[in-house]
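Trainee: The residues making up each chain are set out below.
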Amino acid sequence: KAGVTQTPRYLIKTRGQQVTLSCSPISGHRSVSWYQQTPGQGLQFLFEYFSETQRNKGNFPGRFSGRQFSNSRSEMNVSTLELGDSALYLCASSPTGGGGAAKNIQYFGAGTRLSVL
Amino acid sequence: AQTVTQSQPEMSVQEAETVTLSCTYDTSESDYYLFWYKQPPSRQMILVIRQEAYKQQNATENRFSVNFQKAAKSFSLKISDSQLGDAAMYFCAYRRSANAGGTSYGKLTFGQGTILTVHP
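Chains A and B, in that order, are what the protein sequence lines are.
According to my numbering, the residues represented by the first sequence are 1 to 117, in order.
According to my numbering, the residues represented by the second sequence are 1001 to 1120, in order.
FYI, nobody ran anything at the bench for these hints, they're computed from the structure.
Here the structure is a predicted model, which means the values were calculated and not measured.
You can trust all of the hints, since none of them are fake.
Here chain A is said to cover these stretches of chain B; the calculated rule only asks that three of the stretch's residues, wherever they fall, bring their Cβ under 8 angstroms from a Cβ of chain A:
1. 1042-1055
2. 1086-1097
3. 1107-1119
Listed next, with one range per pair, are the computed distances between beta-carbon atoms:
4. A:THR80 to B:ASN1067: 43 to 51 angstroms
5. B:SER1042 to A:GLY58: 21 to 29 angstroms
6. B:ASN1067 to A:PHE69: 37 to 45 angstroms
Even for Gly, the Cβ is constructed at its ideal location relative to N, Cα and C.
Between the sequences and the hints, there should be enough to build the whole structure, so can you do that?
Mentor: Here you go:
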């Protein structure tokens, strides 16, 4: 079974531009979460989607948005990029169905490294 | 709000020896899950081990085991017979249990991470 796929792997943008990152979850997974990883702030939760609905949101400005499609693929968008948005963006998917702890394991993709110049 | 604290920014161990990474957390919930993830230089986050809060028995996965002390809110990771491939950043993480409706939502709250170096 293929893992979580994130595209692109690397991205260079300039301040003020916008960017869209893509995440394809493991087949059969319906929950997708996004995280931002920086050396200063560590790993921070951005948002989580389930069945095309945002279920949970972290403490990020409105420039950060996301969506989930009917096939569970997810995109996140950052508008008006700032230098501080340079980070590794990680996507994780979780299974649904089954019992117990299986629903609570998040499987991560390799991330998208965003550099804002 | 839940918080996770890893007090050891860096640890080192000799190959074949044992090392323990510390993690403490704070929560008012009674049902939750704890995880250790490994992030090697490739940046891919890999699940090492998980622990259900309602289980008193400590989880074990091959050379990896945890010491879960619920009352003390402590969750340490022990790596036995350390190997060069164990070198990575290790993150402790907390997630509340799925809700009664069965949907899997909630967020992972991570600690700051511990860089583990393995010396040959």
